[in-house]
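Take the sequences, apply the hints, and build the full model.
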Amino acid sequence: MFPRSYRLFVRRICITWQALLIMSVPALALTFYKSVSAADLANRSITLGTSVASNVTTHSYQFTVPTAGILGSIQFEYCTNTPFVGTACTAPAGLNVSTATIQSQIGITGFSVHGSSTTNNLIITRVAGAVVPQTVTYVFGTITNPSAVQQSVYVRISTYASTDASGVRTDEGAVVFSTARQIGAQAFVPPYLTFCVGVTVSGDCTSAIGDKVSLGELSSSSTKTGTSQMSAATNDVAGYVLYLSGTTLTSGNIIVDPIGTPAASIVGNSQFGINLRANTSPSVGQNPTGPGTGSPTASFNSPNLFSYTNGVIASSPNSTEFTIFTISYIANVPAGQEPGVYTTTATYIATANF
Amino acid sequence: MNRSLSSYSLASRTTRRLVIVATALVLTLAGMLPYILNGTAQAAQLQDRKATISTSEPSSTDVEFIFAYNNQDTAAAKQGIRYQFCTTPLGACTAAGWTLTGFTHDSQTGWPTNATAFTAHAAADENDCLQSTNSTSEICFERTSATTGGGAVTHTISGINFNATIQTVYIRITTYLDNDFQSVDLLDTGVVAVAVVRQLTTTGKVQERLEFCVFAIDDATALPTNCAAAPTTTSIDIGVVDNSSIVQSPVNDSAPTSLGNDDYGALQVNTNAQDGVALTWFPDLAASGTNELRSFRVSGATCNASGTDVTDQCFVDAASTGEAFTAGTERFGVYIPCRDTTQGTTTGLGAGGTGSGSSGTYNTAYSGTDDTITSAADCENEASNVKFAWNDSATAAALISSTGVVDDEILKLRHGATANATTPTGTYTVVSTFIATPQF
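Those sequence lines, one after another, are chains A and B.
Counted the way this note's numbering counts, the first sequence spans residues 1 to 354.
Counted the way this note's numbering counts, the second sequence spans residues 355 to 794.
Be aware that one or more of the hints could be misleading.
Cβ-Cβ distance ranges computed for the label pairs, FRET-style [unchecked claim]:
| # | chain 1 | residue 1 | chain 2 | residue 2 | range |
| --- | --- | --- | --- | --- | --- |
| 1 | B | SER660 | A | GLY129 | 49 to 55 Å |
| 2 | B | THR522 | A | THR137 | 54 to 60 Å |
| 3 | B | THR587 | A | SER302 | 38 to 44 Å |
| 4 | B | ASP572 | A | ALA93 | 30 to 36 Å |
| 5 | A | THR90 | B | VAL560 | 16 to 22 Å |
| 6 | A | GLY115 | B | ASP572 | 47 to 53 Å |
| 7 | B | ALA681 | A | SER302 | 38 to 44 Å |
| 8 | B | SER599 | A | VAL199 | 31 to 37 Å |
| 9 | A | THR142 | B | SER653 | 26 to 32 Å |
| 10 | A | PRO317 | B | LEU639 | 24 to 30 Å |
| 11 | A | ALA93 | B | ASN606 | 37 to 43 Å |
| 12 | B | ASN580 | A | THR351 | 51 to 57 Å |
| 13 | B | THR749 | A | THR90 | 41 to 47 Å |
Source of the hints: derived by calculation from the structure; they are not laboratory data.
Only a predicted model underlies this, so the values are computations on that prediction, with no experimental measurement involved.
Glycine included, every Cβ here is placed at the ideal spot set by N, Cα and C.
Structure, rendered in structure tokens:
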């Protein structure tokens, strides 16, 4: 057993140490506070995938973590009232970051979205570990932008040693983005259909000369021929259609037989027909020319085969510049053809379905 | 007995006389004491004395002291100064904890033969100057100058290092006739005081700010002073497009040939991002249709995937690097006629000139025929422009950026088109999204 004086001495020592310990607590707290007071995240920015309100988009963050130490989580708090970390936050209407996914992470990695994230408070977490100062990039997808148009939204960014954004912030900073209206540009391209018919026409229909085609004296020993032209262009997306409407060569009630099914010209037969190609038998006409995409329909598109049936004779399937069609007329008569003046009036019609 | 009494009385009277004489002597001496003391220490009080320090911050080094005082003695030379740095003005001097060993003489004014400067006394003690013994509290300066005189003087010294203690320090000043600091040469004395105090730290924070707005505005309308005053209109109608000319916004509403709405596009930005702001854009994906969904197109149209077809209901996009349009050769695009700075105080956007649109430059693809975006009063109507660009991509393309803050600068946009003869009729539209990315 120790003497009483020794016990008293030991008790005083203990009391003194307790007092020192108690007094040192505030000092330690101050020291600790100073050493962990939050530093500013540097070079920080947020880039939106789109600034359109309510759109689901990406939010890409980049900033420099200035403090070496343990990092376990990062908090992105979206507020409309102030960027100051630690103050009351007004959540942006319509914003939803709880559905965010991490599309990419560069620098300090290993993060996943923490389950406690809310519509305006996105927390990403990782196994807490030491980091050194560095620039980081995080791209989050499937974030719904705020619903207000032209609204500034502050995002308070804080890093923590903890894995759930609790405790003392290590570093902090804020960025700001703005939703914005979009600009719509509009114009009208007016419709047009340009069509001309004549014995000869220019490619752009600025001229069309003549309206009569003479086949001369019809003969049972040779084929009589003639030509006329037409040109067409349109910006109807469905193009144009050219029609023939008319009768065969007629003199009173005597006619020259129109050719139905396309057929070759036969001297001595009663034939009246046309086509839109260059022919060698007889030698008449030329193929369509010009930059357009118009072409004859099948009944009128075979060289040396002629027909005269009312209906579509040419068309373009889409908008097109001018195509010049040359119409070749042939006429044959038998030896017994009644004398007379044989005439016909052919009407060519162009339509477009605007 | 009587004799005895008589003897006693005599003795008593003698004693009384002695007491009286002694008392008289004491009183006489007391009356003379001031004169005696005055003869042994003739020091007068230095008047109008003060010490101005260059800083009051604890732990400061090389602190400068400017002593100013009025020498009462005018009859003697002034060849020695002794400064004692103490925690009290009187009594034994307790050092303040400062480091005095680096002290130096800097300058002086008003002393007799002022051109003869004081110098720091050598480290060793010398009579009253106990600079070695009291190295933490005492320093001395000396010079050789027999000129007499007094009055107001200053003496500037430096090289004093404070400790971290918040405290008031009293500096006892003594001047000497000679430079060997003998007590008999002491002239005047006085005490000044300085205080080492805490510093006041004032902190404020400016919050991050971005005001960004996108709008369409009539060219006859004054520009908004800020986004709060910006119009909410967003539609730009460039009217009738055909193959005879290049039309570009703003287009007047002059039936039947133009039929536009006289608006052009504008982006206005205000941010305090110290690293600047970047403006980017991309055309929105059309909600319906096939191919060329980010082109100027008829809603729902099926277009050729080549992007060059002039018979489908999608305009051929201008090159992403910009190209000059030729009337009749189908194209659609946009360009920046200018950056207007009349509404703010900065000229940050595109101040770096031509470039890619980043690092403070503007993207040359969008800088128009004149390749400049200099602010001008009527810059939405740049004459003879035929150069446009388009971004047929979901990836935002850079338009322009700054490297510092931007104060309500406005970027103007003009959309332009020309049609082929075969460009199908229809109402063509495209919607564009603009993004501002400030970096703090």
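I'd like to know which numbered hints this structure contradicts. Please list them from smallest to largest.
3 and 13
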